[in-house]
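J.: Residue numbers (numbering that gives the first Met the number 0), protein chains in the order written: chain A, 0 to 200; chain B, 0 to 470.
Hints in this document: simulated from the structure, not taken from any laboratory.
Please note that the accuracy of each hint is not assured.
In silico lysine-lysine, DSS-like type, Cα no more than 25 Å apart, as pairs [as the list claims (entries may be wrong)]:
{"#": "1", "chain 1": "B", "residue 1": "K422", "chain 2": "A", "residue 2": "K185"}
{"#": "2", "chain 1": "A", "residue 1": "K30", "chain 2": "B", "residue 2": "K164"}
{"#": "3", "chain 1": "A", "residue 1": "K61", "chain 2": "A", "residue 2": "K39"}
Partial pick of chain B residues on the chain A-facing surface, computed with a CB cut under 10 Å [what the hints assert, rightly or not]:
{"#": "4", "residue": "T25"}
{"#": "5", "residue": "F145"}
{"#": "6", "residue": "E153"}
{"#": "7", "residue": "G201"}
{"#": "8", "residue": "F243"}
{"#": "9", "residue": "P250"}
{"#": "10", "residue": "P253"}
{"#": "11", "residue": "G440"}
Since we're looking at a predicted model, the values are computed, not measured.
In this text, a Cβ means the ideal position worked out from N, Cα and C, and glycines have one as well.
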Amino acid sequence: MQPFTTLTGIAAPLPLPNVDTDKIIPARFLKTILRTGLGKNLFDTLRFNADGSENADFVLNKEPYRRAEILVAGPNFGCGSSREHAPWALLDFGIRCVIAPDFADIFFNNCFKNGILPIRLPQAVCDALAADASLGPNARITVDLERQVVVRPNGDEIRFEVDAFRRHCLLNGLDDIGQTMAHAPKIDAFEERRRAEQPWL
Amino acid sequence: MAAGRPRTLFDKIWDSHVVERLPDGTCLLYIDRHLVHEVTSPQAFEGLRIAGRPVRRPDATFAVADHNVPTSDRSAGIAEPESRIQVETLEKNVADFGVPYFPLRDARQGIVHIVGPEQGISQPGMTIVCGDSHTSTHGALGALAFGIGTSEVEHVLATQTLLQKPARNMLVRVDGALPLGCTAKDIILAIIGRIGTAGGTGHVIEFAGEAIRALDMAGRMTVCNMSIEGGARAGLIAPDETTFAYIKGRPHAPQGEAWDRALAWWKSLPSDEGAAYDTTVVIDAATIVPLVTWGTSPEDVVAITGTVPDPASETTDARRAAKQRMIEYMGLTPGQRMQDLAVDVVFIGSCTNGRIEDIRAAAAVAKGRKVADGVRAMVVPGSGLVKEAAEAEGLDKVLLEAGFEWREAGCSMCLGMNPDQLKPGQRCASTSNRNFEGRQGPGGRTHLMSPAMAAAAAIAGRLADVRDLAR
Ligand code: SF4
Numbered sequence: 000m001q002p003f004t005t006l007t008g009i010a011a012p013l014p015l016p017n018v019d020t021d022k023i024i025p026a027r028f029l030k031t032i033l034r035t036g037l038g039k040n041l042f043d044t045l046r047f048n049a050d051g052s053e054n055a056d057f058v059l060n061k062e063p064y065r066r067a068e069i070l071v072a073g074p075n076f077g078c079g080s081s082r083e084h085a086p087w088a089l090l091d092f093g094i095r096c097v098i099a100p101d102f103a104d105i106f107f108n109n110c111f112k113n114g115i116l117p118i119r120l121p122q123a124v125c126d127a128l129a130a131d132a133s134l135g136p137n138a139r140i141t142v143d144l145e146r147q148v149v150v151r152p153n154g155d156e157i158r159f160e161v162d163a164f165r166r167h168c169l170l171n172g173l174d175d176i177g178q179t180m181a182h183a184p185k186i187d188a189f190e191e192r193r194r195a196e197q198p199w200l
Numbered sequence: 000m001a002a003g004r005p006r007t008l009f010d011k012i013w014d015s016h017v018v019e020r021l022p023d024g025t026c027l028l029y030i031d032r033h034l035v036h037e038v039t040s041p042q043a044f045e046g047l048r049i050a051g052r053p054v055r056r057p058d059a060t061f062a063v064a065d066h067n068v069p070t071s072d073r074s075a076g077i078a079e080p081e082s083r084i085q086v087e088t089l090e091k092n093v094a095d096f097g098v099p100y101f102p103l104r105d106a107r108q109g110i111v112h113i114v115g116p117e118q119g120i121s122q123p124g125m126t127i128v129c130g131d132s133h134t135s136t137h138g139a140l141g142a143l144a145f146g147i148g149t150s151e152v153e154h155v156l157a158t159q160t161l162l163q164k165p166a167r168n169m170l171v172r173v174d175g176a177l178p179l180g181c182t183a184k185d186i187i188l189a190i191i192g193r194i195g196t197a198g199g200t201g202h203v204i205e206f207a208g209e210a211i212r213a214l215d216m217a218g219r220m221t222v223c224n225m226s227i228e229g230g231a232r233a234g235l236i237a238p239d240e241t242t243f244a245y246i247k248g249r250p251h252a253p254q255g256e257a258w259d260r261a262l263a264w265w266k267s268l269p270s271d272e273g274a275a276y277d278t279t280v281v282i283d284a285a286t287i288v289p290l291v292t293w294g295t296s297p298e299d300v301v302a303i304t305g306t307v308p309d310p311a312s313e314t315t316d317a318r319r320a321a322k323q324r325m326i327e328y329m330g331l332t333p334g335q336r337m338q339d340l341a342v343d344v345v346f347i348g349s350c351t352n353g354r355i356e357d358i359r360a361a362a363a364v365a366k367g368r369k370v371a372d373g374v375r376a377m378v379v380p381g382s383g384l385v386k387e388a389a390e391a392e393g394l395d396k397v398l399l400e401a402g403f404e405w406r407e408a409g410c411s412m413c414l415g416m417n418p419d420q421l422k423p424g425q426r427c428a429s430t431s432n433r434n435f436e437g438r439q440g441p442g443g444r445t446h447l448m449s450p451a452m453a454a455a456a457a458i459a460g461r462l463a464d465v466r467d468l469a470r
């Protein structure tokens, strides 16, 4: 996994509430057996018209947002299915940070596993960041995970909270499995005890 | 077991599965059962292969293909190349890693959340995961069951554990008795309508109260299934005699002395008197009516006797804009009567409502009646065994005579990954769980409801109140 330390990039505003995983990546694109290549169908129904042409009104079809690396989203972002194709599609498009008032649990989790930083900030702060993001080419926001701050284009800093363990994993690009493997003796012992006490499990 | 503080059902299952507690409160949680399907697993098995890791407990892992599979004649295999590759990839992976698998033409094949309980794989007190958000279904048995992403699927395959922070406890108590014409589906739609799609975020919901106790296992599964539509990763119902009677004798259920020991443990699981919940919601079952959704979020519920709401009554600009978009997408007008909406398609099936009890409910409405002209109505059993059971009862005949299609088991039009899809603009009365834009096919318009209500819509050719047909 690619480490996440500091990111300065174009932020795209997408303040819709309840953007579900079917909106992020519709089910018909889940037939891949790879993690890559999903970016072209990110937000497919919002981004493209029925005839396949681009919807000129959609934010990611406008300059400079075609190069967005940060998304400023609405409440309950990522609700719906557990598909990790949702963060894969974001990542494949180039988005490495999503800022929203709140996220659906599974999506939130899935982001961290893929080097994407989801940041929860109050609605009013998200509104201000969405306004910043609307500044076109000047919509550059910095996300500093080390210091846990978002830096607005005007230089103001906004502190955010992040789980210490997940921060550590993101900063160092660590994958969970390797770390869990270090606890293998504990897992062995747990299984041993269970086999004696609850053999049907 | 720690004495002292009264614990909830969730607390008890959680505590008994903690392998290790890390300093920041994250727990390494042991996973008892892992269900695998073809869409969210290929990248996980690939990860194992690259790292040279085996599946730690193939005996605790079960695989089945359900999302992509055709629900028409299967003798020629899967026509769509990408779907076929995904299913073939699963078949190769289970063979390479020694994971038990129910093949496509085995009667035990079906939707993963129907198959788990049906086979007795899912049991009280277990931790159960699957790369699928509706894993919450298995909570109906008193198991802590939740959906995970593909990275976590790989983590469980490799280590049989997950890194998790404990969820908060939410109690949803449904008191009293459900009125005639209402079902488990109406209970859960009423709950989601009340708490909203983010109401349960960060929580595990325990469903309790007289109306929940009175449900059979199928109804309990319907309720827990849609916990995720209320934002909760898991839903739970305390195991009781109904649960034990359901499990007994199933292929993977404990037997003999193990059964007695398991039963004693299961009986200790219900929440202690005085256990604390972070959030409590109480609903009077007597106030529940047959419900349908009107919008593109499962919280957009309205009584079948109601009308399409007016976005102007929303409190914020963002909400007004969102509701306006829904009205347009769904092809509705504020104030329009729900019962005036003509349907093109009726879908009865899915992990929410694809069990034998659901098919019986649909057949009871369909019996001696005809599907309205121009309506395509399909019934898709949740598993091959559900299909066999329905056929043994003659329900297939009742449905076929009424003009319904009777299909093979799978997810089907719940998400339209196979050829069962809505066409743009088509309106569908569906017993599934998500009415998101494009969920059942690009441009499709979904109204969620119970199997009896969906069958009533098929007969009437428009959304209809099943209570009118029952008279
Ligand atoms: S029936 Fe629908 S909700 Fe259930 S597992 Fe299949 S696709 Fe998911």
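J.: Is the interface hint for B:G440 satisfied, with its Cβ closer than 10 Å to some Cβ of chain A?
T.: Where the cut-off is 10 Å and the nearest Cβ of chain A is about 9 Å from B:G440, the hint holds.
J.: Using Cβ atoms only, decide whether B:P253 comes closer than 10 Å to chain A, and label the hint accordingly.
T.: At 4 Å from the nearest chain A Cβ, B:P253 passes the 10 Å test, so the hint holds.
J.: Quick one, is the B:F145 hint okay against chain A at 10 Å, beta carbons?
T.: With a closest approach of 8 Å, the B:F145 hint holds.
J.: Hold the hint about B:T25 up to the distance rule: shortest CB distance to chain A must be less than 10 Å.
T.: 5 Å, holds
J.: Given B:F243 as an interface hint, is its Cβ closer than 10 Å to any Cβ of chain A?
T.: Since chain A brings no Cβ nearer than about 14 Å to B:F243, farther than 10 Å, the hint is violated.
J.: A closest beta-carbon separation below 10 Å is what the hint needs, so does B:E153 meet it against chain A?
T.: The hint holds - B:E153 has a Cβ within 10 Å of chain A, the shortest such distance being about 7 Å.
J.: For the pair supplied as a hint, A:K61 and A:K39, confirm whether the alpha-carbon distance does not exceed 25 Å.
T.: 15 Å, holds
J.: Once the shortest beta carbon distance from B:P250 to chain A is found, is it less than 10 Å?
T.: Violated. Min distance 13 Å.
J.: Just to be careful: measuring from the Cβ of B:G201 to every Cβ in chain A, is the smallest value less than 10 Å?
T.: Check passed: Cβ of B:G201 comes within 6 Å of chain A, closer than 10 Å.
J.: Keeping to a limit of 25 Å between CA atoms, is the pair of B:K422 and A:K185 held or broken?
T.: Given pair B:K422, A:K185 is violated - Cα atoms ~53 Å apart, limit 25 Å.
J.: Please work out if A:K30 and B:K164 have their alpha carbons no farther apart than 25 Å.
T.: 31 Å, violated
The structure fails to meet hints 1, 2, 8 and 9 from the earlier list, while all remaining hints are met.
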